[in-house]
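Colleague: Listed here are the chains, written in short residue letters.
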Amino acid sequence: MLKAKIQDIFNEPGCDKNVAKGDMERKKGCSKRLTPGAAAGGCAFDGAKIVLQPITDVAHLIHGPLACEGNSWDNRGAGSSGSNLWRTSFTTDLTELDIVMGHGEKKLYKAIREIKDRFAPPAIFVYSTCVTALVGDDIEAVCRHAAQKFGLAVVPVNAPGFVGSKNLGNKLAGEALLDHVIGTVEPDDVSPTDINILGEFNLSGEFWMVKPLFERLGIRIRACIPGDARYLDVAAAHTARATMMECSTALINLARKMQERWGIPFFEGSFYGISDTSDALRQTARLLVGRGAESDLIERTEALIAEQEARAWAGINAYRPLLEGKRVLLNTGGVKSWSVVSALMEIGMEIVSTSVKKSTAEDKERIKELLKDDHHMFDAMAPRDLYKMLADNKADIMLSGGRTQFIALKAKMPWLDINQERIFPYAGYDGMVELVKRIALSIHNPIWEQVREPAPWDDNGHLIGRAAAPEPELVEDHDDHFLAHHRKKFVGAEASDMAEC
Amino acid sequence: MTMVTSIQKAAAINPLKSSQPLGAAFALLGIDAAMPLFHGSQGCTSFALVLFVRHFKETIPLQTTAMDEVATVLGGADNLEEAILNLKNRTKPKLIGVCTTALVETRGEDLSSDLANIKRKRAEELAGTEVILVQTPDFDGAIEEGWTKAVTALIGLIPHEAPKRIIPNRINILPGWHLTAADLELLRETAEAFGLDAIITPDISGALDGTVPDRWIPTTYGGTSVEAIRQMGRSAHTVAIGEHMRTPARRLEEIASVPFSLFETLTSLKSIDRFIALLAEISGRPVPAKIRRRRSQLQDALLDGHFHFGGKRIAIAAEPDHLFMLATFFSGLGAEIAVAVTTTGQSPILEKVPTTEVKVGDLMDFEDLAAGCDLLVTHSHGRQAAERLGIPLMRVGFPIFDRLGTQHKRTALYEGTRDLIFEVANIFQANLHPATPEDLNPFRNRGEHHDGDTQTANH
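Heads up: the protein sequence lines correspond to chains A and B, in order. Residues 1 to 501 in the working numbering are what the first sequence lists, from first letter to last. Residues 1001 to 1459 in the working numbering are what the second sequence lists, from first letter to last.
Treat the hints loosely; a few may be bogus.
Said to hold, decoys possible - Beta-carbon label-pair distances, calculated as ranges: (1) B:A1116 to A:D179: 44 to 50 Å; (2) B:A1228 to A:F150: 56 to 62 Å; (3) A:A455 to B:A1123: 42 to 48 Å; (4) B:T1436 to A:D179: 55 to 61 Å; (5) B:E1124 to A:E114: 52 to 58 Å; (6) A:L322 to B:T1436: 50 to 56 Å; (7) B:M1001 to A:G151: 42 to 48 Å; (8) A:V190 to B:T1436: 48 to 54 Å; (9) B:I1167 to A:E449: 44 to 50 Å; (10) B:D1402 to A:E449: 24 to 30 Å.
Unchecked claim - Result set (DSSO-like, lysine-lysine): computed pairs, CA atoms no more than 30 Å apart in a straight line: (11) B:K1088 to B:K1119; (12) B:K1092 to A:K388; (13) B:K1092 to B:K1121; (14) A:K106 to B:K1359; (15) A:K437 to B:K1057; (16) A:K388 to B:K1057; (17) B:K1057 to B:K1088; (18) B:K1092 to A:K394; (19) A:K437 to A:K412; (20) A:K388 to B:K1094; (21) A:K110 to B:K1359; (22) A:K412 to B:K1088.
The set of hints was computed from the structure by calculation and includes no laboratory data. Note that beta-carbon positions come from the ideal geometry of N, C-alpha and C, so glycine has one too.
Just chain A, same shape as in the assembly:
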C-alpha cells in the first residue's frame, strides 16, 4: 500500500519537473539513490514530521526506537498562539524486548490510551519508523482500532525513514492529511472569503506578519497548514474557497488533490519579498472574487498593497548606503523567492553566486536573466570548495541554511540563516525590511575586522617583524637581582608598544 502511494506521489502532474520527464524516468521517481558515505539530509520520517508537527494541539507519537524522536524533538522554532502540546514529545521508545517479542503494536495502543487519558488532545498522530515498518507493525490497524475504542481521531502517518528523502516524507504527510483529516469536520461558519495556506510553517512566528494583511481585507485563514494550525481547522480545510501554496515541492500533491476533490483552486506563492507578498494578496483576491466574493475586494487589495509597498521600500532604502555594492552568495536548496533576490539587487547588492540544485529549468532561466552570467550558478558545491570561495573573499555575505553555517563562519565570512532554524521572521513587507536590516547588521558587525586580523606571531609563535631572539637563559626565580634587571627593560613600555591595538 505504501508502495502504491509512493508511486502515486512520484507521478505528480502538478510538478513541472515531473511533467518534463519521459515515462520511464517518471516511473523511477524523483528521489535519487543516495551515495553511502557521501549523503546528507533527513529521511522520509523527518520530512513527514516537519510538515505535521507544527499542528499545535495534536499529540505527535513516534512509534519506534529512541533515536527517531529522542534525538530530534523540540528542535524547530514554529510559533503557536495556542496550545504547546506539539512541543511535548511522545515516543514508544521501543526496547530490544519489545522488538524481539513483537510487543510493538500492543505498546503503541497503550501509549495512545495513556496520551488520551492525560492530555485529551483533539487528535493523536502516529508516525511509523524504519524499525516498526521492518518488523511489520500495522500502525494503520492500531490507529483504526484506537480511534473506534476511544472516540478520538488517531491518524497514522506512514513514512518510515528508509523509503526515501525528506521531500518524499513531506508529501506522505500531505497524503495522511488527505486520507484521514481534511474533510472530517464540517464547520458552521463557512464564508466566501475563507482561504487555506499550505506549506507555511510560521517559523519565528513570521506568519503573524502576514495574517493581519489578509484580515484587513476581510479574508479569513481557515487553515494554515501546518504553522500555528489547530486540528479542527485542518479537518475543516475542505470548506475554504481558495488555497495559496507556499514552498511548492513540499505539499503540491495536497494542493492539487484538494482541488480535485473539493474544487478549491490554488496558486503557488510566497511571502518572501515585497512583490511576492503583493502578488500573493492579489492572486488570493482574484481567486476569491472568481468564486463569488464581492468584486471590490480587488480594489481594496490594490490599495492595501500600494500603502504597504511604499512603507516597505522606505524602510529598505534606509539601508542602501550600507549595502550598495555588497556581494551576496546564495546557497540554499533552491531560491523560490525571486522577489527577495530582486529586492536585494534593487538596493544595489550583487548576487555573485547561487545554487540551483532544486531549481527547475524555468527557474534557471530566471536566474540567468537576473545574474546576466550563468557562470555563477552551481548545482551543489563541496564544502571544501565553498570554504575556499568564502575564504578567498569572493563574497561579502552568505545566505544559507544551517547546514553550511560553520563553513562560512570558519572562513570568517558573515552569514545569515534564511532556512528553518532562523530566529528572525522574514515574511511579508515588514519581514523584508527585517531581512535587509539583518544583512546590514551582519556585514557591518565589528567582529569581522577583529577575527580576520592575524595574530602578531607566526605559526611557531615567533613575533612577526622581529629578529628571532636567542633562546633566553634560564631564569632562576630566586635570583632577584637577575629578574629585576630583565624587568627593567620593559619599564615605561605600554601595551601599544608591543603591537598595534
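With the hints as your guide, set chain B onto chain A.
Modeller: Leaving out everything else, chain B in the frame of chain A:
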C-alpha cells in the same frame, strides 16, 4: 543502598535519553582525523548530526551508509562497503568508526563478519585507515553505553601483548562522556604539573573546543591520535573517570597489563584529593604550589557557598555517572536530592546515588516528581518543565542547545567544583523571592509541605 526503579508506561514523554549510537559517535569525535559512520538510514545520521551541531556549534563529521528499503531487505553489507570506501577516498581519515543503529541490528545481520570481509577484501585501499565496529542499536542504552562501547573498541587498537618497555612518566586518562572540553584541558594541565604526560582517550578538548582552523578539514581535527592510542599499553597507569569507563579500563589492563584506578567522580574535594595524591605517587613529585592553592580556593568556595545549598531540594535528571557526580556534589554541600531520574537502570553506580530512589524514566516523570523543588538540573530539554513548574533550570550534560560556552565550563577538579558551587549559588541568588508578610504570618494556611505531590503540567 539506593533503590532503582523503572516507571511502567508505554509512552515515553519528553525523552531524557539521547541514543546509543550518538554516544558512540560522541566518543569518536574525540579522535583525531576520525570519521564516525552510522550504519542505518540517512535520518539516523541527520538527527544525531543536527543535535551535535546545536550543542557544539561546530561542523560535525558524521556520515551514513544510507540504508534504503531495498538495502534493508537484501542486507546492508554492500552499503557498508561503499560507504567506507567513499569516506576513505574523499576524506582520508585515520579512523572510521562504524556505529550500528536499530535498523541494521533489528534485521540481525552478522555485522562483525561483514566488516571483517570488507577489511580483508579491501585491505589495500584501506591501508592507513583503521576501521572499527561499535554495535549500538538505538533500542538499547543511551549516550553512556554508546560512549563505553566506542572507547572499548578504540582500546582494541592497542597491540595485544605486554609492552617491552614502560614509560614511567606517562599515564592514560579515560574520561567519561560527561566531562567537558575544559575539564579535559584541566586534567592534562594537572598531570603536566606533575611532569606526567597524559594520553586522554577520547579527547574532545582537541576537536570540539571551538577553534578556527586555517583550512577546510572534512574529518575531526584534533583529539587523540590513533598512534597515541596504540601507545597506551606502555603507560605506567590508567585513570578512569566514571563507572562507565570501567569496561575499557579493564580491557586495557587485560590487553597490556596497565593497572587502573577508577574515580567515580572528580567533583568532590575528597575524590580530587585522592586523584592528586595518585599523581603525586606515580610521578614521585610533591604536589605543586599552584594545585595546593586551588585546593584552598575550593575550600573557600565551600565555605562561602554552603549557605545557599543547605536544605535545598534538588531534582536531577541525567545519565547514571553524571547523575552520581551531580548528586554527590549537591549533597556534599548540604542540599537534598529530592528527585533523581536517569536514562537506563543497569549501572551499579545508581545504587550509590545519595538519595532514596533513582527512577529510570523521562523528563515528564521528572516534571511530575519535581514540583516543589528548588532547582532542576538537567539538559536543555528540561526548559519546558522549568517553565511550567516555575523552577530555575541549571543546564548540564547533553544536549545544551540554548546556551553558549558549555564546552568551556569546568565541572571537575578543584577549579571545576569551585566554579559549579558559584554557578549554583548564583542561580539561587538570582531567583530569590523576598518574603511577604503573608508568607511569614503564623496563622497562614500552612497546607501540605511539598512531599512529592504530583502536579499535572499545564497544557
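Colleague: Which of the listed hints are broken here?
Modeller: none
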